[in-house]
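Use these hints to put chain X onto chain G, whose structure you have.
Residue numbers (our numbering), protein chains in the order written: chain G, 4 to 643; chain X, 4 to 643.
Where hints are given, some of them may not hold.
Same chains, same label: a pair holds when it works inside one copy or across any pair of copies.
Unchecked claim - No more than 30 Å apart at the CA atoms, straight line, and that leaves these computed lysine-lysine pairs for DSS-like:
{"hint": "1", "residue 1": "101", "residue 2": "261"}
{"hint": "2", "residue 1": "488", "residue 2": "101"}
{"hint": "3", "residue 1": "63", "residue 2": "261"}
{"hint": "4", "residue 1": "222", "residue 2": "206"}
{"hint": "5", "residue 1": "407", "residue 2": "488"}
{"hint": "6", "residue 1": "575", "residue 2": "23"}
{"hint": "7", "residue 1": "206", "residue 2": "388"}
{"hint": "8", "residue 1": "206", "residue 2": "643"}
{"hint": "9", "residue 1": "158", "residue 2": "222"}
{"hint": "10", "residue 1": "70", "residue 2": "23"}
Keep in mind the hints are simulated off the structure, nothing from the lab. The model shown is predicted, which means the values in this text are computed figures rather than measured ones.
Protein chains: 2
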Amino acid sequence: MQFHLNGFEPGDPEISDPAKRIQSSGASGAVPEQVDVLIVGCGPAGLTLATQLAQFSDIKTCIVEQKSERLLVGQADGIACRTMEMFHAYGFSERVLKEAYWVNETTFWKPDDFAPEKIVRSGRVQDVEDGLSEFPHVILNQARIHDGFLDVMRKSPARLEPYYSRRLLDLEVDPAAGPADHAVTARLERVDADHVGKVETIKARYVVGCDGARSTVRKSIGRELHGDSANHAWGVMDVLAVTDFPDIRFKALIQSAKDGSLLIIPREGGYMVRIYVELAKLDVGERVASRNITADDVIAKAQRILKPYTLEVKEIAWWSVYEIGQRLTDKFDDVPESEIATRLPRIFIAGDACHTHSPKAGQGMNVSMQDAFNLGWKLAAVIRKQCVPSLLHSYSAERQAVAKELIDFDREWAGILASAAKAGGADAARTQDYFVRHGRYTAGTATHYRPSVLTGAASHQHLAQGLIIGTRFHSAPVIRLADAKPIHLGHAAQADGRFRIYAFSRAEDPAAGGSAIRTLCDFLAEARESPVKRYTPAGADIDSVIDLRAVFQQDHRELAVETMPALLLPRKGRYGLIDYEKMFCPDLKNGHDVFAMRGIDRNAGCMVVVRPDQYVAQVLPLDGFAGLASYFDGFMLQAK
Amino acid sequence: MQFHLNGFEPGDPEISDPAKRIQSSGASGAVPEQVDVLIVGCGPAGLTLATQLAQFSDIKTCIVEQKSERLLVGQADGIACRTMEMFHAYGFSERVLKEAYWVNETTFWKPDDFAPEKIVRSGRVQDVEDGLSEFPHVILNQARIHDGFLDVMRKSPARLEPYYSRRLLDLEVDPAAGPADHAVTARLERVDADHVGKVETIKARYVVGCDGARSTVRKSIGRELHGDSANHAWGVMDVLAVTDFPDIRFKALIQSAKDGSLLIIPREGGYMVRIYVELAKLDVGERVASRNITADDVIAKAQRILKPYTLEVKEIAWWSVYEIGQRLTDKFDDVPESEIATRLPRIFIAGDACHTHSPKAGQGMNVSMQDAFNLGWKLAAVIRKQCVPSLLHSYSAERQAVAKELIDFDREWAGILASAAKAGGADAARTQDYFVRHGRYTAGTATHYRPSVLTGAASHQHLAQGLIIGTRFHSAPVIRLADAKPIHLGHAAQADGRFRIYAFSRAEDPAAGGSAIRTLCDFLAEARESPVKRYTPAGADIDSVIDLRAVFQQDHRELAVETMPALLLPRKGRYGLIDYEKMFCPDLKNGHDVFAMRGIDRNAGCMVVVRPDQYVAQVLPLDGFAGLASYFDGFMLQAK
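If we strip away everything but chain G, and leave its shape as in the complex, we get (with noise of 0.2 Å):
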């Protein structure tokens, strides 16, 4: 898709007249008394987690925002494989996908050797590496991906819209509620014209700062940011430009010998491009907003690094400086460390009010969503009563960590371009084989989840050898047994709170009696130990808390679908209909042998349990029904 050739547009790009791409969105009226979670914030963050609440009709949520409307323009634009594969769960991949400027390779420069005021091509890399996801790695306008949720929210069973135009006061909890009352009161002061100055309240069980850096909600609970703050300045455009340099379609990292670094970051519609520009060092305590510098400044700078190639400016679409360190809060909820055993926490924050950091990893919005999508399905599973209200506590533990390792990484990142560009450029070979090294962290997949009651030990880990306990589940090629379709075997997973298990059948005929497939299908739909049974609600599908599916290592054509266990093909729904898509084979006629790609043990088989963020929770042995149940038994609680 091209778009934006004569001048930027907010919105769907689809919409040919620009004046109909800007539709007010946002719900009208006072916002509810009572809620089972009021989200503060429609950033990322907030978003995702209103749009995972969203799914459940008998969840009541309420998502505010101090802005007006949407957001239209400007900050962050990178969107990992691992945020699209999320977003496939979500249901707008592919139009993230289709929009979106693809980022395939990555281009290095630095001084020439013998010129050191020209820029040359140092390097040049493949920016994900083969088979690490299914999705690329991509680049488009943060409003665009919040249009994108507040499409999905707005045709979810909950039907929600944000409410614009409120400013959180303050939070206040009631010590003496009990653990479903609605003890947290939120006081909301609207901000838009005709009921400016109007204070709402609003009573929650659950609160969520998504609130950004000045969370009022991190205040709230009286936590702060840590770590360095501001040292370099830093200029930030998206433009429409006519240039000479020849990698202005590539994402491309510039170091000049002299005026500092640049980075290219081409953007969706083939014309607009984003300029990271290194603009100067700042004293202690100094903030950017003191040099008064211009967007000219910014231009002129970059067309200094630039040298010898030109760079023409037509239009700024938006323009911004800024000034970060890396800081993070050392919990992600109300709980104090000492109190986890004896308090459960009402009040969360998510994203930048958790952590922030330089934008030039392009990981800010990412972790943030990844936070959210985190978050969603346990508030969700706790208020549904399917789990129990300490899986909570899980949240800040798990998340905590993964922002300290972003923090650790975007400093290290962070000095190698500071040093690189201290050395002139130097250093160029050193930038490039970090940023190569660093690839799986930069795609969002090297997120680990460290053992614990959600994720088990590695004491089966060498039956599932690249589904790795803690990680995201990698998902593969396969074939659906009864209609042959070719899809992605990730892609059963949806963002609807279930948890799933992956049955990796062993070589035998997974049809005939005794086959460890048939056997754990019992187990699953008979045994009283049955996690499926215990955890189901009556009158509920079969599979609406734990989604079971099964992998075979035969050809598609060789196995007859209506010679597999009942469990495979469950009854469904009002007319109690067959799910016929709950079975898969490799996709061996393409040479995608899932048992391969995966390192499954062929003869032992496996199964791999994933929880509803998509993270790898257990691999366990077929017959190991005993470790399914406790896992499970760890915390979820009994249907009523």
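Only chain X this time, still in chain G's reference frame:
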């Protein structure tokens, strides 16, 4: 995507609340008094045409429909690969791919040799041969295809919406009118409750009848459908059912010993299935309505054919009985054969108004949309004064020949099914063989326009043996030079009325002085005879009429974008921004070499000229400047 589990609900399945899926559409108020094109009928042909014309803000189109709102249920559902290619050009292939059932394999069933009262599987074939198209054969409710067009229309430059509840009364042509006059007067009767009986008149330069088998437009130009009328009655149902028939999620052709044939077409959402059931041979002149066949009769017949398998229908989403022969109109416009040289067409017919046949080959909707795709760009080019009005004669010439082939195919296929049924299914092997041999036909890729002013002779076909002149441009995977994006070469073609020249380079360095590509660019950019110069209006982007794309033989990392001819880096729009999307390289890493895949002569290279409806118009040598010029001079008008 899974949906319809608890009953069929029309509209967008991504909207959770069925009540919200049915938003009223349609223009309000009176129809305009004067338009360039009046389209009668909102079926697949009418909507394809309207959506094409809506791409041009300088064309005034009105589309009217007798029904009171958009289609919600039933009718056609088969979408051939070729149609998916067209949907990509229209901009909504992604949505269809996501929502539709994919036809991956087709199975064949016949009576058991030893127990003929039972059916047994006799064969199983891949539905579409490898590499035939980058798109699969899919199945989706016609109503959802309509929604795709309606959505694109609404967002298009002309922002078109249909006028519903309008019945065409008659057309009158002013015989004295000049070629640019609004010579046709249409009288429309409103049939909506508030305005029933009110007659509107609308004057149009062109009228297109997409008003179905009983077309009023066709009658107004004195044309008739000729051919066999009904002989066999069939029933068709979209059902939610429980069955132990193992191939219920495959397209399956079932021939029973005594009860005739049945065709299973699995449908979108994972649960619904369409079943065609052979009912009875009718007497001469008899209509199926006279038999008073009920839905229960159709189900009972299906149950008999499927024995020993059971079929328990839980809900009927839609059903119908029909009798249909193969019928064809001898010309698709209002100009008699004998007056072609002296008269220009003003009234056209498309789709079922021209040809009716059995639905079981899944061709009807597809051929109708291709009719309209063929006509749309021609009407636009004539109205916009880009092409000579006599070009409009080519619509009937090209599409009537295609319809003739369709009718012949359908008659033959119906005959094979009938004779196989008569033979008690003994001819199952012959049926399967015929199905496989005609796979390209049913995929919609066999359409082959004969030499004409629009379609060149085969003189240089040897330069591109896999891009057959007169057939649709067969896409292939490539890498875009400027950003290394993996892309499909054919996806450069949007439904924007532009001609495209794909210049396949010689093995030489394309950037070198005197290279064939550079010489071609020099010709196109500079020469007085250049069709790009001659037919591009002053002030318009250089690629706005004829869009040049270059395909090189080298790996994309071996070429430097900045060394390429300026015409391949055109400056566009009000800022003169550079369009970087004109150059492509083979995807050698993944083994996709477009030169090998499409039989391009590596030493000579070639130019492939592609029409706005994606058909290969010409294959010419890279230096075939005179041939190129004379091709366009044959039907284009010099730009003012």
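Taking the hints in turn, this is what the structure says about them:
no. : hint       : result
1   : 101 to 261 : neither (39 Å within a copy, 51 Å between copies)
2   : 488 to 101 : both (22 Å within a copy, 12 Å between copies)
3   : 63 to 261  : neither (56 Å within a copy, 58 Å between copies)
4   : 222 to 206 : within (19 Å within a copy, 68 Å between copies)
5   : 407 to 488 : neither (41 Å within a copy, 34 Å between copies)
6   : 575 to 23  : between (42 Å within a copy, 24 Å between copies)
7   : 206 to 388 : within (20 Å within a copy, 66 Å between copies)
8   : 206 to 643 : within (27 Å within a copy, 68 Å between copies)
9   : 158 to 222 : neither (34 Å within a copy, 45 Å between copies)
10  : 70 to 23   : both (21 Å within a copy, 28 Å between copies)
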